[in-house]
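First to last, the sequence lines map onto chains Y and V. Per my numbering, residue 555 is the first one in the first sequence, and the count goes up by one each step. Per my numbering, residue 54 is the first one in the second sequence, and the count goes up by one each step.
Derived from the structure by calculation, the hints contain no laboratory data. Given the structure is predicted, the values throughout are model-derived calculations rather than measurements. All the pointers check out, no bait thrown in.
Capping the alpha-carbon separation at 27 Å, the derived lysine-lysine pairs in DSSO-like fashion look like this: (1) Y/Lys-595 x Y/Lys-626; (2) V/Lys-60 x Y/Lys-616; (3) Y/Lys-616 x Y/Lys-590; (4) V/Lys-223 x V/Lys-248; (5) Y/Lys-590 x Y/Lys-871; (6) Y/Lys-781 x Y/Lys-840; (7) V/Lys-60 x Y/Lys-840; (8) Y/Lys-912 x V/Lys-125; (9) Y/Lys-604 x Y/Lys-590; (10) Y/Lys-957 x Y/Lys-935; (11) Y/Lys-640 x V/Lys-66; (12) V/Lys-233 x V/Lys-223; (13) Y/Lys-595 x Y/Lys-568; (14) Y/Lys-947 x Y/Lys-979; (15) Y/Lys-871 x Y/Lys-595; (16) V/Lys-125 x Y/Lys-995; (17) Y/Lys-912 x V/Lys-317; (18) Y/Lys-616 x Y/Lys-564; (19) Y/Lys-840 x Y/Lys-590; (20) V/Lys-66 x Y/Lys-840; (21) Y/Lys-616 x Y/Lys-840; (22) Y/Lys-995 x V/Lys-317; (23) Y/Lys-912 x Y/Lys-878; (24) Y/Lys-564 x Y/Lys-590; (25) Y/Lys-946 x Y/Lys-935; (26) Y/Lys-640 x V/Lys-248; (27) Y/Lys-979 x Y/Lys-946; (28) Y/Lys-871 x V/Lys-248; (29) Y/Lys-667 x V/Lys-317; (30) Y/Lys-871 x Y/Lys-840; (31) Y/Lys-616 x Y/Lys-595; (32) V/Lys-60 x Y/Lys-640; (33) Y/Lys-604 x Y/Lys-616; (34) Y/Lys-616 x Y/Lys-871.
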Amino acid sequence: MGLSGLDIFKQLPKTNCKECGLPTCLALAMALASGKASLEKCPHVSDAAKAALGAAAAPPIKLVAIGAGEAKVEIGDETVIYRHDKTFLHPTGVAVDLPATLPDDELAARAAKIDAMVLERVGLHYRPDMLAVSQRSASAQRFVEAVGIVARSSRRPMVLISSDAEAMKAAAAAAGRPRCLLAGADKNNYEAMAALATAANCPLVVKGDDLDSLADLAQRAAGLGVKDIVLDSGARQTSRVLADLTQMRRLSITRRFRPLGYPTVAFTTEQSPRAAAVQAGLYIGKYASMVVLPLTEPHHLLPVLAWRGNVYTDPQKPIQVEAKVNAVGAVNPESPVYVTTNFSLTYFTVEGEVTASKVPSYILPVDTEGTSVLTAWASGKFSAESIAAALKKSNMEEIVGHKTLVLPGFVAVLSGKLQELSGWKVLVGPREAAGIPAFAKSRFGNLAADD
Amino acid sequence: MPVGIQKERYSSKVGTVTLGALPESGGTRTRTVTVGGDSTMPFLHFEGEMPNRAAVAFEVPDIAPPWDESLKRFWGDVWGDPAAWARKAVEEHGADLICLKLLSPDPDLGGTGPEQCAEVTRAVLGAVGVPLIVIGCGIADIDNVVMPAVAEAGAGENLLLGTATQDNYKTLTAACMVHKHNIVALSPIDINICKQLNILINEMNLPLERIIIDPTVGALGYGIEYTYSIMERIRLGTLQGDRMLSMPVICNIGYEAWRAKETKAPAEDFPGWGDAIERGTLWEAMTATLFLQAGGHIFVMRNPEAVGLLRGHIDQLMVSNR
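Okay, chain Y solo, but in the shape it has when bound (with noise of 0.2 Å):
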């Protein structure tokens, strides 16, 4: 078990010079003590403090890097089984799985779509990470060239999945950037496959055929020099893979198990995309570090890489939009203006509604510090002060040509002393968002825009 931020203040110098970026050693003691930071953050800790808290300070999940630059992915280091205890903190890696046995144009064409797909909904933008290359029951010499056709057609960091470590060394090669993955190692290849991974730096997944064997397999690879594992059961049955996966998050992160200490991959089975896209989403929410699966399209993507967006957001922090007037449609100085608050799901609620209603409006979301209309109510957060407070920051007077705003149904309780602090007429809107554009059409429906 790790050491309490009071054991790690010990060995500490006690200088609070500052020079981690914390204002006290007390305070990198407790960001140790919780995994939020190295120890190598602080410059001047004394060799024999070092060796003392290393193991303890480790994080029980190693973070590794695939890739490098702009597009690096990062996988692992996690602290926690639930995110309610506290939060998931490295979204699960997608990499979309390419097979060295299509032909060159297919391979080519693939690569580039998903090297360019970007899916945007409620104001983010998602991406597939990865793009993986099997070799599956290609020759050798197919496997490198197609790892060669993805490489020049995409800059993603790439995976590279083939037990064969001659064909291996030669589609690192092909693949021409720094720290793909590896995929991988056996009992049969892991002393080749580690010399590989070792020479050119690169992360090497290590597959064993149950956990025992794979904890052997791991310590072996990293006794190689191997730096950066990835581990894989061999599991593939939906079952099995989530035993595996939850055993391995139970045996690093609560008995501080070292052998299983890395991050972990999943590979999806299922035939259809659609049940791929399902399995994926179990994996993603039940601990895989990264997934393989074999999704090309956006209508498959989608739901998996929203899921990933919203298991992996901080349980304590809600997720907020910026409090400034947005425009939705061709606005002009009479298009009716909308308020609500700035907790991004409603938010985008709000406006995936306005959208909808066609007529072209303003949003003013209040900084309410991303609670929604009820709470920040009740909170007194979203109150007549501090939304004609808003109204008056943002300069809405100037924007529009009147002095009407739409308030959500929920608070008509707040019209009176709105209208009477901000000078603004307010009109009750509906209860919930999904009422917008029957109310849009009857009160503004002069306003719409033209098909």
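We have chain Y; now place chain V onto it with these hints.
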């Protein structure tokens, strides 16, 4: 190197609830459905039991619903005919349960009264042999008039009736007591209110094994993670011995998923999102499968293809991983 499997030891398990009554128990159902009984976090067969499979309820509206038109490709021929709709859900799509949703008492959707609602309940009971869930329109004063009549119409059938909330649970609880039904206890993504409502209902002497928790689900992309975490906490609390959280969980997937534009928006509105049918089907399916992972027991669904995906996933997860 033997790693020593980490098994959690739990002191308790999820209660079981059986819905429906066979003729020998005073009902007319041809089968019953039992959910719950889990003594582990979901699908960790290596450390506990999952004795009952998660169940799928098809949502059947009592009148032509204001649902997205794209659902007509499955239900167009029975749109507005609840008995035929329920029969189709059972015979063609293998529904474990029917969830009759009473829209018509809502004044904006017809404003029907208790007699009509009792009648439609009888009609659906007559059309299918599976157990029935009946959910009111959600307007408290109206539900309090309609649901007692529904409870009476289904007397002996061991129905699941909803929805009880913290502010409005007494009438429905009393109706479930008198006519021996089960109750859906709805809390707003809040584990404390969830527990409190179960206590309040139980204090009226409805046994714990006749309560089902509705934790309020959000759709994928619309706050799903909030309920996901609440459901994990409910299950952990249950396994650690909190009896007032130990009821099976119902997830109202169809309604929530079909509020999301990702489920229904046509491809031309969001060309970057690809095919609308694939996206929409997967949106409902994954909203369900992700809650399956968090500890859901009954899934109320609309799209039969999404149900197919959910069932296939349940099959895979019910394989032992000991």
